[in-house]
Amino acid sequence: MYSADVKIDPSGEMMSNMRLMNSHSINRRRFLQGMGVVLALPWLESSMMAAPARTKRLVCFGNHLGFYPPAFFPKTSGADYISSPTLKHIEKHRRDFTVFSNLDDGANGGHAGVHAFLSGGIRKEMAAGFPEKNITIDQVAAEHVGSTTRFPSITAGIDGGTNMVWTRSGVSVPPINNPAQLFRALFVDQDNASRAEQREVLLHRSSVLDALRESVKTLNGKLDAADRDKLDQYLTSVRDVERRLQMSREWLDKPKPKSPIKAIGQAERQHIEEMPLLCDLLALALQTDSTRVATFEVPISFRTSELSVGSYHGLSHHGKGEDRLAQLQVVEKYWMEQFGLFLDRLKETKVFDDTLVVLGSGMSDGSRHSNRDLPVLLAGGGVKHGGHFICPAEGSKRVPLSNLWLSTLQWFGCERDRFGKSTGTFSPMQLL
Amino acid sequence: MKSFCLVFALFILSLSVHAELPRTFLKNYCFKCHGPEKQEAHRRFDQLPPAITELEELESWQEILDQLNLGDMPPEKEKQPAKTEVLAVIKSITESIAEAHPRLAGKGQHTALRRMNSWEYRHTIGDLLGLNISAWNPTENFPPEVKVDGFDNIGAGLVTSGLLLNHYLSAAAQAIERATHFGPRPEIKTYAQKSPFYFKGKEARELPKLFQVDRFRFIPETPYTDLYGRHYRGGHIGFRPLLNQGVAQSGLYRVRVRAAAIDRRHPYGKTIDDFRNGDPLILELTAVDRQGSVTSTGNVSRKRSLAMVELINEKPQWFEWDVYMEKGYEPEVRFRNGTTATKRLVRLLATAKDVAPEIKPFSEMKAGNERSYGVLKAYRGPKLRIWEIQIRGPFVKEWPPRGHDLMYGSLKPNDLNREKTRERLRIFAAKAFRRPLWQGELSPIESMVNRKLDEGLEPLQALQLGFQTILCSTSFLYLDENSGKLNDYALASRLSYFLWSTAPDSELLTLAEQNKLSKSVVLRGQVKRMLRNSKSNRFSNNFIRVWLNFDNIGEMPPSKDFKVYYRDNLEVAMRNETQTFFRHVLDHNLSTREFLNADYSFLNRELALHYGIEGIEGNHLRRVSLKGTPRGGLLGHGSFLTASANGVDTSPVVRGIYMLEKLFGYTPPPPPDDVPDIEPDIRGAKTIREQLAKHREIATCAECHRKIDPFGFALENFDAIGRWRNEYGKNMPIDASGELPNGDAFSTVPEFGKHIIKREGQFSRSLTEKLLTYAIGRELVPSDRPAIDAILREMRQDNKGLRDLIEAVVLSEVFGKN
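Heads up: the protein sequence lines correspond to chains A and B, in order. Just so we're aligned, residue 1 is where the first sequence starts under this note's numbering, counting upward by one. Just so we're aligned, residue 1 is where the second sequence starts under this note's numbering, counting upward by one.
Derived by calculation from the structure, the hints in this document are not laboratory data. Idealized CB from N, CA, C, for every residue including glycine. All clues stand as given, with none of them false.
Below, a list of computed lysine-lysine pairs in the DSSO-like style, where the Cα atoms sit at most 27 Å apart:
#	chain 1	residue 1	chain 2	residue 2
1	B	Lys535	B	Lys147
2	A	Lys217	B	Lys817
3	A	Lys262	B	Lys209
4	A	Lys256	A	Lys350
5	B	Lys485	A	Lys217
6	B	Lys563	A	Lys320
7	B	Lys431	A	Lys217
8	A	Lys397	B	Lys38
9	A	Lys320	B	Lys730
10	A	Lys397	A	Lys133
11	B	Lys560	A	Lys320
12	B	Lys817	B	Lys516
13	B	Lys397	B	Lys535
14	A	Lys75	A	Lys397
Under 8 Å between C-beta atoms, here's a sample of chain A residues computed to sit facing chain B:
#	residue
15	Asp224
16	Ser237
17	Arg244
18	Ser311
Excised from the complex, chain B in its bound form (with noise of 0.2 Å):
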């Protein structure tokens, strides 16, 4: 008996060590459909060897395993395995599996010579040479970036071109050059202007148009002068003190208004369409460059949006804010949100079918000044009141400033022979390069300039071809990580580039340099430091671009023709409501559920109105719950929903591929070469459902359809902006019914978000894949999928966040490695 329970046990062991594949399972339920005569799907299982050899392999049975964890595979309507069976094969495969991703590891988990994308280029040369790169973007016209499935940091997808390295040159010449301030600290100088903000005869004669007297723009008896229009003529004002020349420093400075706003409630009713009766005005302060970019019509092109305020009172108040501006830029104050334009609104009030009794007596006379003025001063409506503005400053904090210092120390030019240049270069290359120099690195760059010197160059511009080279380099533009362990600076700038998209700080390289950086405790310590610093704004506001693919509202913006979008300044509230959310949920640790299931979002007014719920006031975007609403978690996102859309209308095949791709990591087949395409009809009855017919009629169109449908019929109700809609139109009501693959049904967008609830473990493993895709900027392989496992493993435990996860995928092997 004991022989025989010691062999029986020997059996049992040996049973478990090596697994065997379930090859016979796989032909009775589903060569039929993947196999000699058929391959749904481009895929086909009938040539799988009996042992797991090579990554294609090892790829086929993980994808075999999933679709039967989740019960999608068999269909439905085919042969269906015995419950217990299906539990016995899905272990054996899951052995077989982990006991081959040893063997095969290593393949293909290395990232390629990883270029910095432009927005990491962006922040590094901000941060390395102190400038403010949203005034000045030294990436403005760069190539956009080559994307690999939606990520624009991948190393081996990125492409380096002469293009490219031209804009190179060039933004790192003008980056030393603004960076460079040799003369004396600024002086703070304060300047103001009280009204009248309009000119007219011999002195407005060499003004710029904006400040000249026309037919609606009157200098007023009043001490103030009101803006009646949301465009330029009669609402925008100038700042004549800085006319033309601009602050003469790039820095901080206070800017003060003092307004009002005047007959918000208006009785002209549907006269003046375009705006919300009692609304607050919004007066937005810019910076503009009129030199160069004044148009003939009197318009600037280039222009920067400092500030936004928003207006209740009647009573005057001083509005204060600090604001950087650059060199050149002049203020400007702007009615953001008037009724219309000026000249249209003139046009509306006096042609109105009843003249308001207070415009009639001009709406007789013929155009001209004497009626425009009339009617002007005669309006009862929206008038954004302004009395005084004024500017002080440049505040600046040090001098010279970081990036000068970083470059020449406190040398002067004349104290530039050629010792202190090498001296100079060598500290700049340093800390532009992110780790110490290797023995002779900078000697070709070294002899470039002291050839220049030779032959007469200025010091100072041999040194800043030195440093404009340093720029362009290798060691500048790529990221520097070894094979294997990755050593301590690699894994500083690796962790830097994820977490903050820049070059890391000092504090990171002090650890790299004492080894100690890759000690799990330093480690999270460091990782909760970097996302305590607004730095890491980057890192969520950027992941969250190319994770739900925002590229696409810009490429195919929704049409002209959905105007409460423009007007409401949507687009902006719906990006900062999802990067709002992704940074509450990091900022409290919260499940990563809360994507899927969230009763609650951070809406504005404007925002709030576009879903359907009111009460809410204010500009600013605050936590609305959504209950008793449709939605919920990202689904309800506007930004989601648009994303998914193209801007026109709205095709479920399109929302459904965007949702599993974006939620689950599922990327669906392209269709058969030979599919007609949809033709859509207005002019029929039919529905998009009722034309995507076919795809549940003929079987193979159906096999893959059934799996991508459902998901985007289920979003059906909210139109290509997230609106929420009842009916296309016509009496054609929305039905947004459907059933997933594995049989559940719903009927409504809420009982739809019950059975995406569900599939939380899918949604964790594809957000934990990109993050971690994100952070290394190379794509995962099979073999990376222990980690990744690893990393869920430990996710599952009892109140882990989003916080948990970013340091897991930081702490992870896959991370500390290349």
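Here chain A stands alone, though its shape is the one from the complex (with noise of 0.2 Å):
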């Protein structure tokens, strides 16, 4: 969702929780870190659910700086594989999901292969080269949803991301990085005024783009090839502002769905306070059909140091020393108990299996920068889950990771026979 479209109430809403807590001057810090959740929110009966049944979603997980191979990959595979350290903090929904070694794209570049995680490997220098750009896959799920629900998808994040999410168009979409904004955006109506207000401005603004579509006409006819790309380059932009103010117009009059929590207002908040509100509201979204699709990113300004840690930058460099590793998992262990609390999310609200949940990063190795031999995990959408899957590879061939996208948009309910650098379906998942 562009975040241009959603504006932010300046006059701010009722307080969280998390200021009853700070009137107390309790130790802000320690009381997160011993509690494990944030906040203790109430959840929707299941007949509060707003799509049909057997609706599919799609979820992606994504970081910049990898997690560290040794203590991620179990040293057995199958179903009944030993857990590693990374993933023991998530053990019970062991059931519920496969793990994947040897997978990537062949991406390489360290810092700068990161982003073509969800794009097939397709780095942005080189999206110009194909007819669908660097198009990562939740977009093409987003595409796939159009305007059935109010938001084609949801790009959500810490700061400003890591540029995990690319459109047709070769554009990176930044995440919404303020709980407020997207509570406001997923459960505010707007009052009557503004509405009628925005109704004119939508009116107008269609107005606008026919007079930018006309005028293109009469442009001097010389144009060479290079010249006409760039034009028409315009003219799908004019198109994609006009298709989404259709969107909009068509939801303008619709009501949003009650909120279930308290309001979430401005407030100056820690990462650590961010992600788990983020992570709920993105499992609220998925629950009240406000969108199918959704993605969660965590960039390298990560603050690692309100885990009492060194610096997240610092530590993916560990160069193999015991100590960076030591803080470096207790980063991990945080990720993966947000991660698993989201599913039980997703559980408890019974839309576990029907959304599919990738967790995963371009980055596998941090103080390698290595993209080779990414970690990818898959969670949920009632498929059949083996454990730990150990890929075929040999030498440096690997099975693509695109092939594993080709086979999760085609559950998504995509027909299309590739994706990025697929040679084909991920044959050993069976997929419903």
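Fit chain to chain and form the complex, with the hints in mind.
Structural data, given as structure tokens:
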């Protein structure tokens, strides 16, 4: 979703539970760490399910600095694999996810290759050479959903994210990082006056777009191929804005679902408060069918100091040092716990079996700056999970990660036979 | 005899006109690694035809020529040709290439329809509508531009998307609204507030936290308030008269603060470790948008730094600034370099091992107001003392402002009829499109506006919709550059976006109208005028950013473990150093050699200390000699060294590649696919040099790496933020020695520097190419080479400097056509 569409209410809302905790001058940080759960949120009864049964959903979690491979990948394979130090934090969900070894799309470039995680290994530098540029799987899924839901997709994350999400025109979508803003977008209807104003703005904008399109026709005809290509890009942009305008108009008068939780207001929050809040909001968004596609990305700037360890980037350059690895484990433990909580939410609200959740990164080992043998985990979706699957590998040849993405998209309902650098579908997975 | 001489002369003549490509030479010395069996660095030369017929072949021969000229090929260990043979071959290749260029000319020398990038858009809107785009950045949330080789203004690479167009629509609407002022000229008002700046009781209940008494903010009995800490609590004060509404009008305001620096030198030693004893105290004036950006802790997130000043006097003084404040913003005064957070300060003092006598009575108390106030009042360390804050304004030069005048002239909303609306649209469009309007060009927009009027929309609103459309149309967003020789309007825009990052001004447009701009003497005069104008800072600062990839510093910011980097505001200082240096070379028209061998730079106290230079006082940059230090030219700049590292540690390979690309325009080919990643191992006692040993041992790796690694190793004594170090830690001394591909050896940074200066020719060429790329918004192709050669020939004359280079770029054949 375009953040430009969402307005922030300057007057602020009722304060969240966090403020109450503050006034008791408890050491906030310790409190959070001890609890492991940030907010006790009441959850929707299953009777408040908004979407028809068997509606497919896709969620992708990613980060920039990867997961330390020796701690992430289990040493044994199959359904009864011995859990790894990192994965044991989501041990209770063991039967409901599959972790894959030896998958990647042959990207390289270290930091510069991370953003190609969900685009099938196509980096932004080479996107121009592909008809779909470097579109990511969530955006393909979002296009498939179209305006069936209010938001074709919701891209969320911490700070500026890590360029995980890319559109068909080769543009990266910045994440929403403000829980108050996301809350408003999902649950707060504009009052009648603002809605009327918005309707007028949309109407006028439509006229502006018409005039822009007409104006292009008067352009000097002497354009060579490269110029015509640029002009086409402009016209495609006009069409794109028109399409979204249409969708906005469709949804303008439809009331938003009532929020099952207390309003989340503007406040200065730590990253370790924002992450669970945003993840909870994503779960609610799926539950209320406000969207069927969501992503969450954690960048290099994630403030690991809030977990009382050193800087994230510094730790990722572990150089195999024991101390740094131990601190890195604290960060990855936090990550997996949050992820586990998200899976809990999906199970509680009964959407888990129709939601495929991807966890992974375009970087495997930060110290080696490697984009090979990426950490990839698939949960939910009602598929037959196989524990730890070690994909076949020969020398530096790998089964393309794109194959897994292709199968994921097919599961979602997209009719296509290729994605990114795919050579076929991912056969070891039997997808329903 | 005569006939023989004639024939011989003809023979010589014909030789020089139809030089033969030295394919036998290639067979003897090159095919071994660049032939059918091996293709080192993906180069293969045995299939080159006897004559140059394609651009790719031209490129290959140019590469071969460059390598021979550099002496880098054949590699040291291989069979070497005789010097005379090499010279003859160089001559024949040079001639063949020169002959091929005109034949292959015109291919690829076209800038694809080039959209203005965000930087250019920001300034264009600012200049067009008279808006202060530092206070309000219309491009704040724009998607980042696509970069081609580091440049973000390459027409063919820039992408326009629905997301961006949405932003344009929104930015245009906001800009129009901000520039519209139908009200009367704003009155000048004065506001003042004397200490105290905190309040309690009933009157304080409605106030934001910043204004409320708390554990670290008390109402003093004195006529002044002291600020103790660096962060918001006890370190910032707000201005009550403008609370929550801020200033009523955007404009220039005179702000005065009466302040003093107390107890700069403190007796607490290491207890307050964050503050360099004796440093001046820094007062920062900030504009904040309190509405909607105040957080649960009471701090604000939307803020803009207006001014900073260093204080050293204990006697109160008035400090005064003329600053631009945006409507709705209110001022705050902040203690920028306070020791630490006030809360932490109290704790450190009260719980110190040897509690100071004046603090002792309070250290035993229970935590609470009495204890904190006691400690703070007794504290004999650095305090920023504030007596009074005054504000007066807004001061506006013209009314209505320039942007409003462009849009509406002297018309009022009621004066707008169909005819006047059309007239205003035309005036606005002509200015926005940077050229006279074409026949019928505005019809679609005029029709739309008329339709809106028919539907009953307010004329002012309809007109503004028209303006918004104009600001989103292709004629505004894209540069109009005709094929072939650029017409004068296209030339004016190209020139203006090169040196000012904005639309051409009226002088340029008048010259274009009179068809005089393309005359060399006029063009030269304009370049000189534009470089003298301060708008040319947009060029120098932006060019350095893309040239040296400063964006990398933002994307891979130094880890928080490098405390001094953040505490001393080094990033700003480093950027300023390089910008000031570039400006210095430009303003004094110094030779581009200065970038390599200047024995001075521009430093402030913090940066000088960072470089190990003592005795520099003051926060402002000034020229400092680097004699006797290992630094010189760009290689020693903190910005260069930080942008070529990754924020945590250094890599000789990364730095080597960075140096080769930025200084010499050479991009090494990527490693082969099956190269295993380097596995840094801090447990073992291996230095990076030992780990990269394989680069030297394995022949295929050594081939490329002998050209990369030495450049990076030379700078290993500089850490990831450019600080000098003698060892990696744990008794692992740094070995910064190496040997360049042509045999030049070095063991210290200054020795390395000398070898770099020898490569001045390569540097000049690279800088010229980069300037030209930036100027024309497209990548260079082989057919551009003759024009570049011509520029370099001109620059080799005596006393030619950076300003001459820029003139030469503008006057070059490549700049003048598309």
